[in-house]
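Enquirer: Sequences listed follow chains W and U, in order. Residue 2 is where the first sequence starts when you use our numbering, and the numbers rise one by one after that. Residue 1060 is where the second sequence starts when you use our numbering, and the numbers rise one by one after that.
Just so you know, not all the hints are guaranteed correct.
[What the hints assert, rightly or not] Stretches of chain U that chain W covers, calculated by requiring three or more beta carbons in the stretch to come under 8 Å of a beta carbon on chain W:
# : stretch
1 : 1095 to 1108
2 : 1283 to 1289
3 : 1306 to 1318
[Stated by the list, open to error] For lysine to aspartate or glutamate, the following DMTMM-like pairs were computed, each having C-alpha atoms within a straight-line distance of at most 25 Å:
#  : chain 1 : residue 1 : chain 2 : residue 2
4  : U       : Lys-1237  : W       : Asp-35
5  : U       : Lys-1312  : W       : Asp-166
6  : U       : Lys-1312  : W       : Glu-177
7  : U       : Lys-1236  : W       : Asp-35
8  : U       : Lys-1432  : W       : Asp-181
9  : U       : Lys-1250  : W       : Asp-321
10 : U       : Lys-1432  : W       : Glu-177
11 : U       : Lys-1435  : W       : Asp-242
12 : U       : Lys-1156  : W       : Asp-321
13 : U       : Lys-1439  : U       : Glu-1334
14 : U       : Lys-1364  : W       : Asp-166
No lab work stands behind these hints: they were computed from the structure. Predicted model only: the values in this text are computed from it and were never measured. All residues carry an ideal CB built from backbone N, CA and C; glycine is no exception.
So you can see what is in the structure, the chains are spelled out below.
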Amino acid sequence: MKTSGKKGLGIIGRVVIALLALGYAYILLRGLIDNPVLFLQQVINGFQLGFVYALIALGYTMVYGIVRLINFAHGDVFMVGAFVSYFAVSYYGVTRLKVLEVFGSTLGPVVGTGLVILMAMAVCSAMAVTIERVAYKPLRNAPRISALITAIAVSFFLEYFASLDFVFTSNFIIYERPFDLIVWSPIPGVTISNIMVIIVVASILFLLFLQYIVHRTKMGKAMRACSYDKPTARLMGIDVDQVISFTFALGAALAGAGGVLYAIAYPQLIVFMGIMPGLKAFVAAVLGGIGNIPGAFVGSLIMGQAEVLSAGYISTTMRDAIAFTILIIVLIVKPTGLFGEPEGQKV
Amino acid sequence: MNKRTIWIIVAIVVLLAIAAAVVIGTGVLRPRVALAKVAIVAPMTGDVSTFGLSTKNGAEMAFEEWNAKGGVNGAKIEWVVGDDRCDPQEARNAANKVIDQDGVKFIVGAVCSSASIPISDVANPKKVLQISPTSTNPQVTLDKDGKVKPYTFRACFIDPFQGTVGAQFALNTLGAKKAAVLKDVGNDYVKGLAEYFEAAFKAGGGEVVVSEAYTKDDTDFSAILAKVASAQPDVLYLPDYYNKVSLIAKQAKEKGINVPMVGGDGWDSPDLDLEAVDGGFFTNHYSPEDPRPAVQDFVKRYKEKYGDVPDALATLAYDAANMLLQAMSDAKVNDPSVVKDYLKKIKFEGVSGTITLDENNNPIKSAVILQVKDGKVSYKETVNP
């Protein structure tokens, strides 16, 4: 039987995918018409999730863009960020420092939270640079699979080392939020919390900050150059090692911030909490085109929406299965992701 | 030596090693002594580690008290602790390890029904007696055909009763007409309790407006809770363990869901987020505020020994261990096949109440309803079977 060959998708495949997409769209449309307020609420929920995934996905995509390595330990950097904020808030009481009273009672918690996020970002950056120097740099010229396996190993090491009793233990830890929850209902039936607002605002700020770095600074230019062609970049006088370390640090800082925000939204920590969000963010990065920064952002938002809408309108237990199926279908139709370009052959 | 000789030697060494491993592993050659060897199997680590610690404390207190009086049937009680992490696979491994490697004949455990069921499947064929302090799902003592497992017992009431108590409390005391129920489909205890609640709630004239499932690792409940908020129930039933309940309840408050939350004995933990479930109630096995002298005396001794007020897990473990030792003492031999018959007809005065077992090896006991308010857990009422 003649297979569809290089084009990838035969007529039957296309029909099946089209039917699935239509079915999904129909279910969502029905839900929208039946109860538009609930639909709006679910979309808002999806954005909250999507923005957190975006912070993690950016780290994956940037590292891949430059080093061609899928840093599986990234999800665990996210976990470390959340734990650092836990220690900062609960052990050291950073948000309750006397010095913050200078800012008053409304601005004080904001500054305190900002401090906590900065601490998490700093620790995560330092950790990521260390990991890069220790585990990935020696394998820079080895076959890619070696680096991949090392990344997986680092991920397991971080998780299980942290689960030891003298570190974080393998139990659930209740997370104390650095600020109080405020809930309000602009439209009856739609509830927004200040957590949601903070997540969206913080994520957008970080993304703008990232865009600025990548497109308006010399380091950003160096990063982009390295992602096109490392040897030539080296010839142009760019210190590629420094650029790579900087990329890891930047990605980890974002993931650390993402960890803090995730912990604020879902206040229960466990050392394995980075696995699922890390995986979903990776999938989102691939969905948007791995190596492409705006792609990672868009992919994450789509992933967040897919997860929440599938949970809300199809099946709560199959939410992950459906979200990942969407990924598979998108990749079948466009294998390099939504914004990705095929890796051209270099002559 | 030529190559063939080397291979033959290697083969012989390997076979000897395997044989040695088999002998040591199965303990076939170990001398059999009529000790009182018991295992405590509980979730010492994992999602519900406070359950494990309480269970271990309660059981050990009982063992030490008996040992101070000379042990049971002339033998000092020796015990090992197995960790099941409230996971079916880990529970099976733990049971195999304590039975085969440590040679125990009696198991006090497990806490989670999802762990007790695999343990009973391992213990019954090997004729090891198991008494679970807190597993409430009926499938622990009944196999798939509805027949009683001869070597499996428990010290607590079962979920058909607990679910009904919860439902009737919601209907009668809280005056609820519409209920929303959220359950973890992968957990026998949660699923069972939710089903019994729903059946009883509907039988009592109520309407279950939302019945949604989630999986064990879910952290984001915004989608489900948006649906719950939209349906406007009078009560939210969360029959899960304290760690998940804390997470769900917190998010529920964020979604503007302010109705009372009701739950089961899985809520009973010092790690329950009292602020998140404020205004809620849960069904449990005992309350430390019970004025009965047996309870107050136990609470006092437990506090002296461990520094904390005992929760239901510790109390039931204490009762279960004592029930077991009482039956062993009545039987006059430390042989499970004899002890089980004495356990079946036991009438035991425990801290959690008077315990007699029905034909399915399940106790006939009362439940208490505890209220969470202003950061404290207090006693509300007792419900008799």
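Enquirer: If a hint holds in the structure, say so; if it doesn't, say that too.
Expert: Results of checking the hints against the structure:
no.: 1; hint: 1095 to 1108; in the structure: holds (count 4)
no.: 2; hint: 1283 to 1289; in the structure: holds (count 5)
no.: 3; hint: 1306 to 1318; in the structure: holds (count 7)
no.: 4; hint: U/Lys-1237 to W/Asp-35; in the structure: 21 Å, holds
no.: 5; hint: U/Lys-1312 to W/Asp-166; in the structure: 32 Å, violated
no.: 6; hint: U/Lys-1312 to W/Glu-177; in the structure: 15 Å, holds
no.: 7; hint: U/Lys-1236 to W/Asp-35; in the structure: 24 Å, holds
no.: 8; hint: U/Lys-1432 to W/Asp-181; in the structure: 19 Å, holds
no.: 9; hint: U/Lys-1250 to W/Asp-321; in the structure: 20 Å, holds
no.: 10; hint: U/Lys-1432 to W/Glu-177; in the structure: 19 Å, holds
no.: 11; hint: U/Lys-1435 to W/Asp-242; in the structure: 56 Å, violated
no.: 12; hint: U/Lys-1156 to W/Asp-321; in the structure: 35 Å, violated
no.: 13; hint: U/Lys-1439 to U/Glu-1334; in the structure: 18 Å, holds
no.: 14; hint: U/Lys-1364 to W/Asp-166; in the structure: 23 Å, holds
When held up to the earlier numbered hints, the structure conflicts with 5, 11, 12 and fits the remainder.
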